[in-house]
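> Protein chains in written order, with our numbering: chain W, 1 to 284; chain S, 1 to 276.
Don't read these hints as lab results, they were simulated from the structure. All the given hints hold, so there is nothing to weed out.
Only pairs whose alpha carbons sit at most 27 Å apart, straight line, appear in this in silico DSSO-like list of lysine-lysine:
#1 S:K109 to W:K66
#2 W:K66 to W:K93
#3 S:K273 to S:K110
#4 S:K14 to W:K75
#5 W:K89 to S:K109
#6 S:K109 to W:K93
#7 S:K96 to S:K14
#8 W:K101 to S:K98
#9 S:K109 to S:K96
#10 S:K194 to S:K110
#11 S:K14 to W:K109
#12 W:K66 to S:K110
#13 S:K273 to W:K93
#14 S:K272 to W:K93
#15 W:K66 to S:K98
#16 S:K14 to S:K198
#17 W:K168 to W:K75
#18 S:K198 to W:K75
#19 S:K96 to W:K118
#20 W:K89 to S:K110
#21 S:K98 to W:K93
#22 W:K109 to S:K98
#23 W:K75 to S:K96
#24 W:K188 to W:K250
#25 W:K89 to S:K14
#26 W:K66 to S:K272
#27 S:K109 to S:K272
#28 S:K14 to S:K110
#29 S:K98 to S:K194
#30 S:K96 to S:K198
#31 W:K75 to S:K109
#32 W:K75 to S:K110
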Amino acid sequence: MSISCRQVSKQYGSVIALQNVSISCKAGEICGIVGANGAGKTTLFKILIGLVTPDNGSVTIENTGKKKAGGIIEKPALYEYLTAYENLKVYAKMQGASTDKNILHQFLKRVGLPIDRKDPVRNYSMGMKQRLGIAIALLNNPSCLILDEPFSGLDPMGIESLRNLILKLSEENLAILISSHIVDVLSKLCSKLYVINNGGIVNSGDMAALISENTNAYTICGSGIADSKILQKYETIERGNCVMVSVSSKEIPKVLQQLAEEQISITSCTPEVDLQKLFHPISQ
Amino acid sequence: MRALLATEFYKLIKQSRTYYALAAIFVIEGVVLFSAYYQGAGIIDIVLSNLKDSFYFEGNLLNGNLVTYFILNSLWFHVPLILIIIMSGSLTTEYKDKTLQTVMMQPVKKWQYILSKYIVAIVFTTCVVFVLALTSFLLSYALFGKGDLIVYVNGLTFFEHDDALLRLVYAFIVGAVSMVFFSVVSVTLAVIFKEAMKTWIIAAFFLILSNILLKVDFGSELLNQLLYVKLNDTWQYFFTFEIPWSTIYTNVALLIVYTLLTMGVGVYVFQKKDIG
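The shape of chain W in the complex, shown without the other chains (with noise of 0.2 Å):
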């Protein structure tokens, strides 16, 4: 196991942000923590990479090297007078890590940036400050990455790209945490889920088997769905060339098969989770 956290709780004043949660992310798996805005994921982040004391609990990080973990809290803080390449030598001067070019150019490639701007940063977009942000924190070699809220005001094609670059970390050995406030994100990324409300775990487990457990509903496009006889058995909502169908997870490779004999050319299947029994479980 690369890095867990066991009964950590965190107070404010008279709020709690944080009570009694454990989790565990094991070295090279993706997990995923799930939570709206202020249920406590970037509070536990901070705990987790040593920027916040908790007030109870601990936390392990196994490695034996000199930084334990790296990561992005919130959005890439990067110093945006100077450049990517100036970025990544000023961070790595100052934590004692090659300052060799070579090795610098190593590292911005390593996360797909260019190694011949020579601009300031804040003319970067937001998906290139994500990508200097995690070659920051890839510095040291850590065996932990946290990535809180990778995602958040990329476009799609960023969305992919960073995506992408985190499933090819995760094959270096990295234990890799995510936040993030959309379950759909997280779905193509992680194996491991942890849903956090008010503080506290609320719900855990296999993401496959989380979002199957907690899905009611598929959202199928396809050419001429909407006429589909199979489907008019079944509550449904028309969106264009999609239908929204009302149907558990354990009946959909059944209607997806049916579909296919009524010659409809499926093109994509989404589950649509349902929050409420993913975020109140015991409630359900």
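For chain W, the structure is supplied; the task is to place chain S on it using the hints.
Coordinates of chain S only, in the frame set by chain W:
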């Protein structure tokens, strides 16, 4: 620690704000020189018209020493004000841009990081005062030449050129200690208040209050001698007829102690506080 110092200096010289602030200091210097060049002689004649009938003055009274003395007096308010903006900004900007958070996510010791900020503030402030002094002497002597210095500190006092030059040099050196104190205070205020505007207002208030309290009698010999506000005009002591060396040594030593204590408080608070 050396690496942290190098990166702090690097960041300081890479920021355009540093150059704007430095330019502001030298614009003040330029304005003093310009005003002295075009209006100074007339004012001096009016002020000293009676004395000139009774005394003989060597050279022109509006000379390089007097103009340098005018510029030296920017150490009362203008120079420390600009220095507190630059030095507190070196930390408040890091809070605002969250770069401090990123720094603290690296394997960097908190106390070493803030100490490097203080050391950079001290070195930078000293360099600014040195450059201010150097340019003052060079430009003033080039434009106005040499001559006796006339100053009003508890009465009019005259100094011959060589003596005046030495006193001005000493005054800049001791003045630098006062400037360092204000820079260090501003960094400590930035540690406590984090936000730029709040820190600037409080630091400027601190500077104004210090200047006001300098003239206040606290009714206690001990307070009047030891309180920091009574130490910040030590650089003016060089313009009394007899230089009170022992008072100057004591005041400078006390001011250094105050500076170190302020730094200690800043390092302690920074170490204790969560970043984020």
